[in-house]
Amino acid sequence: MDKILGWKKPVRLHLWVMPDAGFDTRKIIESKLKIFKKSHPGVEISLSIIPWSQAWDRLMNLVKREEKTDLPDVIQVGNTWTATLAYLGAIAELTDEVSQINKKDYIPQSWKYCYLPGNERIFAVPWFTDLRVLYYRRDILKKFNLDEKNLIDWKSFEETCRIVNGIKLNGRRHFALSLSGQREEIWTNDLAPWIWGSGGDFFSEDLKKAIFQQKGLEGISFFFNLIVQRFIPLIGRDTVFPIGNFFTGNYTFQFSGMWPIHSYFNPHHSDYSPVAAKNYGVTSFPSGPAGRSTFIGGSNLVISRFTKHFEQSWQLIAFLSRPEVQSDYARNIGKLPCQYAAWDELFEDHQQVGNVFRKSLQFASALPVISTFGTIEKIISDTCRKILDVIRFHEYSNEILKKEFGMSAKDVEHILSLYD
Amino acid sequence: MTKKTARISSHFKLLRRHISVLRETKENLQSSSMSLEEALERSLWQLFYDLGYDRAMIFFYDQEKLVLQTKQMMHLGEVLAGEEEIVLPPDNPLYELIVDRERDYWYEKQEYALYLPLLNAGRTLGMLRVDNGIKKKNIPPADYILLADFANELAAGLEKISLLEENHQQVKRLLTFSEISTAIISSLRMPEVLRLMALSLIKNLYFDRVKLYLVDKKEGLLRGEVSAGLIGKISRINTEVYPLHSGINTMVDIVLEKKLDPMYHKFKQNIVYVPLKVRREIIGILEVDNILSQRKISWDDVELLNSFAGQVGLAIENARLFEEVDRLSTTDGLTRLYVFRYFKQRFNEELARSERFTQKLSLIMFDIDHFKEFNDSHGHLIGDMILVEVGKKVLQCIRKIDFAARYGGDEFIIFLPRASEEEAKIIASRIFHSIRDNEIKASPDYSLKLTVSLGIDTFPDHGKSGEELLKRVDEALYWAKTHGRDQMCSYSEIK
Numbered sequence: 001m002d003k004i005l006g007w008k009k010p011v012r013l014h015l016w017v018m019p020d021a022g023f024d025t026r027k028i029i030e031s032k033l034k035i036f037k038k039s040h041p042g043v044e045i046s047l048s049i050i051p052w053s054q055a056w057d058r059l060m061n062l063v064k065r066e067e068k069t070d071l072p073d074v075i076q077v078g079n080t081w082t083a084t085l086a087y088l089g090a091i092a093e094l095t096d097e098v099s100q101i102n103k104k105d106y107i108p109q110s111w112k113y114c115y116l117p118g119n120e121r122i123f124a125v126p127w128f129t130d131l132r133v134l135y136y137r138r139d140i141l142k143k144f145n146l147d148e149k150n151l152i153d154w155k156s157f158e159e160t161c162r163i164v165n166g167i168k169l170n171g172r173r174h175f176a177l178s179l180s181g182q183r184e185e186i187w188t189n190d191l192a193p194w195i196w197g198s199g200g201d202f203f204s205e206d207l208k209k210a211i212f213q214q215k216g217l218e219g220i221s222f223f224f225n226l227i228v229q230r231f232i233p234l235i236g237r238d239t240v241f242p243i244g245n246f247f248t249g250n251y252t253f254q255f256s257g258m259w260p261i262h263s264y265f266n267p268h269h270s271d272y273s274p275v276a277a278k279n280y281g282v283t284s285f286p287s288g289p290a291g292r293s294t295f296i297g298g299s300n301l302v303i304s305r306f307t308k309h310f311e312q313s314w315q316l317i318a319f320l321s322r323p324e325v326q327s328d329y330a331r332n333i334g335k336l337p338c339q340y341a342a343w344d345e346l347f348e349d350h351q352q353v354g355n356v357f358r359k360s361l362q363f364a365s366a367l368p369v370i371s372t373f374g375t376i377e378k379i380i381s382d383t384c385r386k387i388l389d390v391i392r393f394h395e396y397s398n399e400i401l402k403k404e405f406g407m408s409a410k411d412v413e414h415i416l417s418l419y420d
Numbered sequence: 001m002t003k004k005t006a007r008i009s010s011h012f013k014l015l016r017r018h019i020s021v022l023r024e025t026k027e028n029l030q031s032s033s034m035s036l037e038e039a040l041e042r043s044l045w046q047l048f049y050d051l052g053y054d055r056a057m058i059f060f061y062d063q064e065k066l067v068l069q070t071k072q073m074m075h076l077g078e079v080l081a082g083e084e085e086i087v088l089p090p091d092n093p094l095y096e097l098i099v100d101r102e103r104d105y106w107y108e109k110q111e112y113a114l115y116l117p118l119l120n121a122g123r124t125l126g127m128l129r130v131d132n133g134i135k136k137k138n139i140p141p142a143d144y145i146l147l148a149d150f151a152n153e154l155a156a157g158l159e160k161i162s163l164l165e166e167n168h169q170q171v172k173r174l175l176t177f178s179e180i181s182t183a184i185i186s187s188l189r190m191p192e193v194l195r196l197m198a199l200s201l202i203k204n205l206y207f208d209r210v211k212l213y214l215v216d217k218k219e220g221l222l223r224g225e226v227s228a229g230l231i232g233k234i235s236r237i238n239t240e241v242y243p244l245h246s247g248i249n250t251m252v253d254i255v256l257e258k259k260l261d262p263m264y265h266k267f268k269q270n271i272v273y274v275p276l277k278v279r280r281e282i283i284g285i286l287e288v289d290n291i292l293s294q295r296k297i298s299w300d301d302v303e304l305l306n307s308f309a310g311q312v313g314l315a316i317e318n319a320r321l322f323e324e325v326d327r328l329s330t331t332d333g334l335t336r337l338y339v340f341r342y343f344k345q346r347f348n349e350e351l352a353r354s355e356r357f358t359q360k361l362s363l364i365m366f367d368i369d370h371f372k373e374f375n376d377s378h379g380h381l382i383g384d385m386i387l388v389e390v391g392k393k394v395l396q397c398i399r400k401i402d403f404a405a406r407y408g409g410d411e412f413i414i415f416l417p418r419a420s421e422e423e424a425k426i427i428a429s430r431i432f433h434s435i436r437d438n439e440i441k442a443s444p445d446y447s448l449k450l451t452v453s454l455g456i457d458t459f460p461d462h463g464k465s466g467e468e469l470l471k472r473v474d475e476a477l478y479w480a481k482t483h484g485r486d487q488m489c490s491y492s493e494i495k
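Chains A and B are the protein sequences, given in the same order.
Per this note's numbering, the first sequence runs over residues 1 to 420.
Per this note's numbering, the second sequence runs over residues 1 to 495.
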């Protein structure tokens, strides 16, 4: 009937996106979707903002057919999720579509997260990324005649932490280094640069053996020793922002990505922190015994396998992947676009910061791509939690660290053996 | 209007607003089809659209950890799930509100925020926070009662929805139990039982993967049988074999009852091993995992698995017994070849297939020369051993698709699908020489040489019906026996 009348029903796409810009996310995305709809009049888009804490569960509902309504067509996913989703058959293969993209325009590390482990099939397009650099307080270092040169390698970084730790400034006690997350938790992306910096890695090349407890243990031990020496104070596990962090003004160092540039150092942002904003410096991750290393992560865009509108879904992804759209969105959410072309615009007003990020990109590594990564990550994080408890009760030793990570490696290998 | 009248009028306006908001709240939360998230969302929208507050947050209270966890947050009408936590140390005013319940509310002037407990039937479920921090406007005290009533309605509604959801889950579990039980008792064939069981668990309980292992007591092994995954793949896992020695792996330790608490394993409760028992004996292990989805396998699911492990064990035991009975009814106990009754049934089926697809089908019939005399002189025990050895040689010589049976006494019969006369002669020759050219071990210290007489015929060359073919192969055998024995004879040669 519609055909006879010459009227085509509009295609309705469902887009799932994480609230990377908090409550402003909807406004920002919708401003982009307006532009898309102008060039695609037959396509309507229904936007759902799914928080990180719920997103995985909703995706699993999709896989397990428990989600019955409003099935998504295009989804933003954490890049370490892509392999698991591909393995579970939740997302569509995009190998043919991606062949139309010039992958050289992208940060090479971002593509690593788009493949199914062990083969050349592509299931995602990188959307935005982030990598860890070291933020520091210039004013505090200056007090001790220190500067960036004292942050070149692990040894000098540790020594600098020792000097600045515990000082009192404006009546407040200052600490050397803040944890990167909101809580006293350590995740694989926190440990990764230290493992790689010591010449180690998470798994063997064939992804059958855990090796972080071998060479990587040197780096893990170095990191935990920073906590043992109370350069990173431990307050309480379940507290959000335990006693503040670099950005609230009472720490000297913090490893973080682009978010501070967008928020804490931005006078127009509700999280603006004047003290940190006036006095911050940024440099690359200190160099370990095996060289410099840092972690790179981010998000991908995928198409649900259950979509009834593959072509339009791909058109939406292609649109969201345009350099100008990526650049604008990344700027609004405090991340880095995955395409080089978008970096120039992003760092127009922050050249020095841009240089640090560009330099860091050269030695940035991605986490292992493996379908069981989620569970493995929890095992490692659990081990870190045990070590933190041991430190809290003043029972830490290198032997305990070795033993716990040794056991953790066995558990990880068991998981690796269960799934190819 | 006088001041008094204006006051009264304003008061009534407030009351009307109060009643209207509460009525809508109640209606929103009464719906039995609404999920918890939807209910929270609607309540938060109400606070913005009907009551005009800038922001609101709903927290759930964890009594054990003394922590308030944000469930949902509203910011100028936009609702998001929350990820924050508020710890409640004793010096925090919220501690008095939530833990001690010494306050009915707490107003934080600097934040323009009002905090109210969510109470139902004397229990603290959580907390509601409402603020006008964006427009920097105080919440009037007149609103406190309205918001307190709102919080009470919210708490009652949330409790009701939680109970309904729990109820729904229990009903779902019972239905699942029933469905799975029906599935696994619907077949007596072992591969089918295993397949149905694995599929039912995936389909009804949404595990990532289910694997089943069975104990082979005779060989002292735990053998993998079947694996079923979310992506619909079912595969045999016969290559997974573990000797039943302590310390090999968790499953073996469970079988050997070295593990005291086998049900719940580590890896963040993503794997469960369920021992399958029949009459207190562990006959296998069901491994269930959510490693990829990282979904905790809840205690309710574990209990369900435990309840139905007994059923699974029985179904497997029944299937095993059925297999044994089936085997006994179709298999000759001595030679392990099929019995003639079953041979005939299968032969007729194969013949019909050959006729349909215009394919050849051959028969071989043979018996052991002078067997009766041998039996009489050496005894039936030795005779039986010879039959066993001959049976083995037959199985070694025929193809996988061939079907061999003991015709009776010392006579054997084999049908060979898709075999021409020439091909049948090759196989017949193999059998003939295998017996003739090698000594047959009748006992550890006694071997002897045997010969056989052998007849061959072929469909459709020598007969079109089963009776004809059986008759003619018998005639070929008879000719071989009556013309010197120790030879093969095809019906072509005698017709």
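Do not take every clue at face value.
PhoX-like cross-link-like pairs, simulated, lysine-lysine; straight-line CA separation at most 25 Å [as the list claims (entries may be wrong)]:
1. A:LYS308 <-> B:LYS258
2. B:LYS258 <-> A:LYS27
3. A:LYS27 <-> B:LYS136
4. B:LYS203 <-> A:LYS308
5. A:LYS410 <-> B:LYS258
6. A:LYS378 <-> B:LYS71
7. B:LYS258 <-> A:LYS403
8. B:LYS392 <-> A:LYS386
9. B:LYS344 <-> A:LYS410
10. A:LYS27 <-> B:LYS203
11. B:LYS136 <-> A:LYS64
12. B:LYS135 <-> A:LYS378
13. A:LYS215 <-> A:LYS403
14. B:LYS233 <-> A:LYS208
15. B:LYS392 <-> B:LYS344
16. A:LYS378 <-> B:LYS136
For the record, the hints were derived by calculation from the structure and aren't laboratory data.
Results of checking the hints against the structure:
no.: 1; hint: A:LYS308 <-> B:LYS258; result: 52 Å, violated
no.: 2; hint: B:LYS258 <-> A:LYS27; result: 59 Å, violated
no.: 3; hint: A:LYS27 <-> B:LYS136; result: 23 Å, holds
no.: 4; hint: B:LYS203 <-> A:LYS308; result: 23 Å, holds
no.: 5; hint: A:LYS410 <-> B:LYS258; result: 20 Å, holds
no.: 6; hint: A:LYS378 <-> B:LYS71; result: 23 Å, holds
no.: 7; hint: B:LYS258 <-> A:LYS403; result: 24 Å, holds
no.: 8; hint: B:LYS392 <-> A:LYS386; result: 61 Å, violated
no.: 9; hint: B:LYS344 <-> A:LYS410; result: 57 Å, violated
no.: 10; hint: A:LYS27 <-> B:LYS203; result: 39 Å, violated
no.: 11; hint: B:LYS136 <-> A:LYS64; result: 46 Å, violated
no.: 12; hint: B:LYS135 <-> A:LYS378; result: 42 Å, violated
no.: 13; hint: A:LYS215 <-> A:LYS403; result: 14 Å, holds
no.: 14; hint: B:LYS233 <-> A:LYS208; result: 22 Å, holds
no.: 15; hint: B:LYS392 <-> B:LYS344; result: 21 Å, holds
no.: 16; hint: A:LYS378 <-> B:LYS136; result: 42 Å, violated
The structure does not agree with the numbered hints 1, 2, 8, 9, 10, 11, 12 and 16 stated previously, though it agrees with the rest.
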